[in-house]
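Given chain B, work out where chain A should sit, using these hints.
Listed below are the residues making up each chain.
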Amino acid sequence: MELKTKVNAEEGKNDLVITRAFELPLELLFRACTEPDLVAQWMGTRVLKMENRPHGGYQLETRDGQGNVVFEAHGTIHEFVPNEKITRTFEMTNAHFGVQLEFMEFEKLTDDTSKLTIHTIYRSNALRDENLQLPFRQGINWAHNELEKIARKLK
Amino acid sequence: MTAGAIAANFDTARPTVSRHLQILTECELLEQKQKGREIYYHFNPGKMKEIADFIEPFRKLWDDRFNKIEVIMKNYRSKK
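Each protein sequence line maps, in turn, to chains B and A. Counting from 1, position 117 in the first sequence corresponds to residue 117 in this note's numbering; the numbering is continuous, with no gaps. Counting from 1, position 53 in the second sequence corresponds to residue 53 in this note's numbering; the numbering is continuous, with no gaps.
Rather than coming from a laboratory, the hints here were simulated on the basis of the structure. Misleading hints may appear alongside valid ones.
The calculated label-pair distances, taken between Cβ atoms and stated as ranges, are [said to hold, decoys possible]: (1) B/K149 - A/D53: 17 to 27 Å; (2) A/M1 - B/K108: 18 to 28 Å; (3) A/R37 - B/K108: 50 to 60 Å; (4) A/K79 - B/R123: 41 to 51 Å; (5) B/A126 - A/K33: 32 to 42 Å; (6) A/K47 - B/A126: 14 to 24 Å; (7) A/T16 - B/G65: 49 to 59 Å; (8) A/I39 - B/E146: 42 to 52 Å; (9) A/M1 - B/A21: 28 to 38 Å; (10) B/A40 - A/K33: 48 to 58 Å; (11) A/H20 - B/R123: 28 to 38 Å; (12) A/F54 - B/D64: 26 to 36 Å; (13) A/K33 - B/E130: 13 to 23 Å.
Subject to a maximum C-alpha distance of 30 Å in a straight line, what follows is the list of computed DSS-like cross-link-like pairs (lysine-lysine) [stated by the list, open to error]: (14) A/K60 - B/K4; (15) B/K85 - A/K68; (16) A/K74 - B/K6; (17) B/K49 - B/K85; (18) B/K6 - A/K60.
Predicted model only: the values in this text are computed from it and were never measured. For every residue, glycine included, the Cβ atom is placed at its ideal position computed from N, Cα and C.
For reference, chain B alone in the conformation it holds in the complex:
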């Protein structure tokens, strides 16, 4: 079966491309990516600011049960063309990947399907690869933590 979401990251380059075909009309896909309450739902984060216009900014924040900020990201919107494209920067606070440039392109496939292409450019290949590895490392950390929990029970 062909994967719905594809990530193309060529060896040695400083960019990557994420593509996904959605079983959603173009307008609904675009709203999901731009309306704060909808972004909050699928990103699993709070949307503090989302100014959908050129020179606008956005800010995302996630807190744990104790109120500690566990994720904070922000950026500036450079281009905003409804149902067509968004060009923006993205930077995660306290991560050292630096700022990334994102080109989001929205395409209608049929009346009920659409496609999103996100082309992300990092400052260097090393920074891109570190960001690519992040979920991999988090997955390993999670597995280690689970192992520890299980191991403690065995004591």
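Then chain A, alone, in the frame of chain B:
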């Protein structure tokens, strides 16, 4: 397969195919085995898996998010 047999499957010029084979061999995606006068190229699935696995958790993260978009928006549409 020999380089000649592989090249026969493409319209690309033979030197280009050889160059590609050389790069894939350097990346260990292909393995060379000498048999008499011929060099046979073998696919190395272990290395392919390693490369795919490196990106897989990142891809999965986005796939999960995008799957959520579909669920949320399908509900959103039916509510209206």
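Against the structure, the hints:
no.	hint	verdict
1	B/K149 - A/D53: 17 to 27 Å	holds, 25 Å
2	A/M1 - B/K108: 18 to 28 Å	violated, 42 Å
3	A/R37 - B/K108: 50 to 60 Å	holds, 56 Å
4	A/K79 - B/R123: 41 to 51 Å	holds, 42 Å
5	B/A126 - A/K33: 32 to 42 Å	holds, 35 Å
6	A/K47 - B/A126: 14 to 24 Å	holds, 22 Å
7	A/T16 - B/G65: 49 to 59 Å	holds, 58 Å
8	A/I39 - B/E146: 42 to 52 Å	holds, 47 Å
9	A/M1 - B/A21: 28 to 38 Å	holds, 34 Å
10	B/A40 - A/K33: 48 to 58 Å	holds, 55 Å
11	A/H20 - B/R123: 28 to 38 Å	holds, 29 Å
12	A/F54 - B/D64: 26 to 36 Å	holds, 29 Å
13	A/K33 - B/E130: 13 to 23 Å	violated, 36 Å
14	A/K60 - B/K4	holds, 10 Å
15	B/K85 - A/K68	holds, 21 Å
16	A/K74 - B/K6	holds, 22 Å
17	B/K49 - B/K85	holds, 19 Å
18	B/K6 - A/K60	holds, 9 Å
Comparing the model with each numbered hint stated earlier shows that hints 2 and 13 do not hold.
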